[in-house]
Amino acid sequence: MKLRQLAHARTGDKGNAVNISVIAYDAGRYAHLERHVTAERVKQHFAGIAHGDVTRYTLRELGALNFMIHDALAGGVTRSLALDAHGKGLSSWMLEMEIPDD
Amino acid sequence: MNPIRIGCGAGYSGDRIEPAVELATHGALDYLVFECLAERTIAIAQLARLRDPDAGYDPLLAERMDAVLPACRARGVRIVSNMGAANPRAAAAIVRERARRLGLDGLNVAAVTGDDVLDQLARGDFVVAETGRPVSDMAAVIVSANAYVGAAPVVEALAAGADVVVTGRVGDSSLFLAPALYEFGWRTDDWEKLAGGTLVGHLLECGGQITGGYFADPGCKDVPHLARLGFPIAQVSNDATAIITKVEGSGGMVSLATCKEQLLYEVEDPGRYLTPDVTADFREVRLSDAGPDRVRVTGARGTERPPSLKVAIGYRDGFIGEGQISYAGETALARAELARDIVAERFSIIGLEAESVRYDLIGVDALHGKTPGRAGAPPYEVRLRVAARTASMREAIRVGNEVETLYTNGPSGGGGVAKSAREVLAVATTFIPRELVTYSVEYEVA
Chain Z
1 MKLRQLAHAR
11 TGDKGNAVNI
21 SVIAYDAGRY
31 AHLERHVTAE
41 RVKQHFAGIA
51 HGDVTRYTLR
61 ELGALNFMIH
71 DALAGGVTRS
81 LALDAHGKGL
91 SSWMLEMEIP
101 DD
Chain C
1 MNPIRIGCGA
11 GYSGDRIEPA
21 VELATHGALD
31 YLVFECLAER
41 TIAIAQLARL
51 RDPDAGYDPL
61 LAERMDAVLP
71 ACRARGVRIV
81 SNMGAANPRA
91 AAAIVRERAR
101 RLGLDGLNVA
111 AVTGDDVLDQ
121 LARGDFVVAE
131 TGRPVSDMAA
141 VIVSANAYVG
151 AAPVVEALAA
161 GADVVVTGRV
171 GDSSLFLAPA
181 LYEFGWRTDD
191 WEKLAGGTLV
201 GHLLECGGQI
211 TGGYFADPGC
221 KDVPHLARLG
231 FPIAQVSNDA
241 TAIITKVEGS
251 GGMVSLATCK
261 EQLLYEVEDP
271 GRYLTPDVTA
281 DFREVRLSDA
291 GPDRVRVTGA
301 RGTERPPSLK
311 VAIGYRDGFI
321 GEGQISYAGE
331 TALARAELAR
341 DIVAERFSII
351 GLEAESVRYD
361 LIGVDALHGK
371 TPGRAGAPPY
381 EVRLRVAART
391 ASMREAIRVG
401 NEVETLYTNG
411 PSGGGGVAKS
421 AREVLAVATT
431 FIPRELVTYS
441 VEYEVA
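Going down the list, the sequences are from chains Z and C.
Residue numbers are given in this note's numbering: position 7 of the first sequence equals residue 7, and the series is strictly consecutive.
Residue numbers are given in this note's numbering: position 57 of the second sequence equals residue 57, and the series is strictly consecutive.
Please keep in mind that the hints were generated in silico from the structure rather than gathered at the bench.
Each statement offered as a hint is correct.
Derived lysine to aspartate or glutamate pairs resembling EDC-like cross-links, with alpha carbons at most 16 Å apart:
{"id": "1", "chain 1": "C", "residue 1": "K419", "chain 2": "C", "residue 2": "E322"}
{"id": "2", "chain 1": "Z", "residue 1": "K14", "chain 2": "C", "residue 2": "D269"}
{"id": "3", "chain 1": "Z", "residue 1": "K14", "chain 2": "C", "residue 2": "E268"}
{"id": "4", "chain 1": "Z", "residue 1": "K43", "chain 2": "Z", "residue 2": "E98"}
{"id": "5", "chain 1": "Z", "residue 1": "K14", "chain 2": "C", "residue 2": "E266"}
{"id": "6", "chain 1": "Z", "residue 1": "K88", "chain 2": "C", "residue 2": "E266"}
{"id": "7", "chain 1": "Z", "residue 1": "K88", "chain 2": "C", "residue 2": "D217"}
{"id": "8", "chain 1": "C", "residue 1": "K221", "chain 2": "Z", "residue 2": "D26"}
{"id": "9", "chain 1": "Z", "residue 1": "K14", "chain 2": "C", "residue 2": "E130"}
{"id": "10", "chain 1": "C", "residue 1": "K370", "chain 2": "Z", "residue 2": "E96"}
{"id": "11", "chain 1": "Z", "residue 1": "K2", "chain 2": "Z", "residue 2": "E98"}
{"id": "12", "chain 1": "Z", "residue 1": "K14", "chain 2": "C", "residue 2": "E39"}
{"id": "13", "chain 1": "Z", "residue 1": "K14", "chain 2": "Z", "residue 2": "D71"}
Some but not every residue of chain C turned toward chain Z, in silico, with C-beta under 7 Å:
{"id": "14", "residue": "E261"}
{"id": "15", "residue": "L264"}
{"id": "16", "residue": "Y265"}
{"id": "17", "residue": "E266"}
{"id": "18", "residue": "L367"}
{"id": "19", "residue": "H368"}
{"id": "20", "residue": "A387"}
{"id": "21", "residue": "A426"}
{"id": "22", "residue": "V427"}
All C-beta atoms in this analysis are idealised placements derived from N, C-alpha and C, irrespective of residue type, glycine included.
Modelling step: build the complete structure from the supplied sequences, incorporating the hints.
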C-alpha cells in the first residue's frame with residue numbers, strides 16, 4: 001500500500017536541508033511505520049534529490065517520525081533555481097512510498 | 001493566576017489581515033502577536049532602509065495597525081510584533097502616527113533594538129556555519145547581520161507598560177513566550193516553563209498552519225471553510241501548559257493532526273529545539289482532545305539555553321533570470337521539449353554568461369524530476385520554465401527575453417509568456433556570544 005493510506009506529512013526547510021514529518025492517522029499503526037519507513041528506505045526513495053545524510057527521529061508519544069534530509073534543496077531556498085525552492089512538495093512525494101500492508 | 005490568551009495575527013509578512021481583526025474583536029485575547037520575519041526579510045528591509053533612512057519595516061505595518069488598533073485598544077489587547085524588521089524605531093513612529101489618526105492618543109509604543117550586529121561581526125573573528133570560512137571574506141557583499149534575540153527585551157517593554165512592542169529580529173517563539181514570562185513571572189532559568197512557553201510560540205508562529213491551513217487534502221484530510229480560516233489562540237496556564245483553539249465560528253479546525261504537523265514543522269531534532277531562551281525537548285509532548293477545536297498541550301521539557309545567539313547574515317548573491325511559456329494539445333510535450341532545446345542552443349549562440357541553467361517542464365518533471373511509476377497519457381498542457389543564475393542583472397534579463405522570443409521564433413502555439421529577473425539576497429549563518437549583543441528599549445506615547 002501507499003504510505004498515504006496510513007500517514008500524513010508536512011515539509012519544512014532548514015537551509016539546504018528539509019525536515020519531513022510522517023504522522024500516523026491511527027496511533028495503533030505507528031509501529032508499522034517505525035518498522036518500514038526507515039532512514040535507509042527514505043534515502044532510497046529520494047535518490048537523486050537527497051544527496052546528504054538522512055536522519056530519523058522517532059516520536060512514539062505523537063505516533064510520528066521526523067526525517068531530516070540533508071543537501072536536498074540544490075543549495076538552499078535562496079540559491080536554488082528550482083520551481084519549489086523550499087521543497088514544500090516533498091511531503092507529497094514521501095507519501096507515495098510503497099510499504100507492506102502488514 | 002488565571003490563564004492568559006495569546007493570539008497569532010500573522011504567520012508571515014504578507015499574511016491575511018481579517019483573521020487578526022477577528023481575533024482582536026472576538027478572541028477574548030490578552031495579547032495579539034504578529035510574526036512577520038522570514039530569514040531573508042530583514043536583508044530585504046535593510047536594502048530599503050539604505051535607500052531611505054525612514055524605511056525598512058514591514059510593508060503592511062500601517063494597514064495592519066489601522067485594522068486592529070481600535071479593537072485592541074477598546075479591549076485592552078496588547079500587541080507584540082517583529083514588524084520593525086530592519087528599522088523598529090521608524091516602525092514605532094508609524095504605529096504612533098496611525099494611533100493618533102485613529103484618535104487613540106495615549107498609546108504607549110516601545111521599540112526594541114540591538115539585534116543588528118553588523119558592527120560586532122566586523123570587529124571579531126566569526127565563521128560562516130555553512131562553509132567554515134571567515135565572515136570577513138564576505139565583507140563586500142554583506143547587507144545585514146541580525147542576531148536572534150530572546151524574550152527579555154519584550155518582557156521589559158511589557159513590564160514598563162507598553163501597549164505595542166515593535167521589534168526587529170527576535171526569535172519567533174520568543175515573541176509568544178514573552179507575554180507568558182511577564183504575566184506569570186517565571187524565572188528566566190526555569191527551563192521547564194520556558195520550554196512550555198516556547199512550544200506555544202512554536203505552535204502559533206505560523207498562524208493558520210495550526211488551524212487547518214497547509215493541511216487540506218480533499219477526501220482524506222478535509223478542512224472546512226479555508227477562505228475564512230481562523231488564526232490560532234493559545235490559552236496558556238501558569239504551569240506552562242496550554243490549550244490551542246480559535247475563534248468560534250471561524251473557518252478551519254484545530255485537531256490533534258493539525259497540531260502534530262505544526263509541532264514538527266521546521267524542526268530538526270525534536271529533543272533539542274534551540275532558541276535564544278531555552279533548549280527545548282518536545283519528545284514527550286502530549287496532545288489531547290479538550291473539546292471541539294481545542295487541543296491540550298503538555299509535557300515540553302527544557303534545559304539551559306545555548307551560550308551563543310544565531311545570527312542571520314544577508315548578502316548579495318548574484319542574480320536569477322527566468323522565463324516561462326505554455327503549450328497545449330496532444331503534442332504539447334513534444335513542442336515544449338523542442339522549445340527547451342531551442343532556448344539551450346540560443347544561450348550558446350548569444351553567449352549567455354550563466355553560472356547554472358535549469359530547464360523544467362511544468363506538469364511533467366518540474367517538482368521532482370521524472371518520478372518512477374508515473375508514466376501514462378501525455379499531459380494536455382505543458383509549461384516550459386527556464387531559470388539561470390548570473391553575475392549581473394543584464395545577463396539575468398537575457399534569460400527571460402530568449403524565452404519570450406519563442407512567441408515568433410519557436411514552436412507553434414506557444415502562449416502565456418512570463419519573465420522576471422531579480423537580485424538574489426541569500427542568507428548565511430554564524431553564531432555570536434550572547435554577551436556581545438546588547439538590546440535597548442525605547443518608549444514614546446502617541
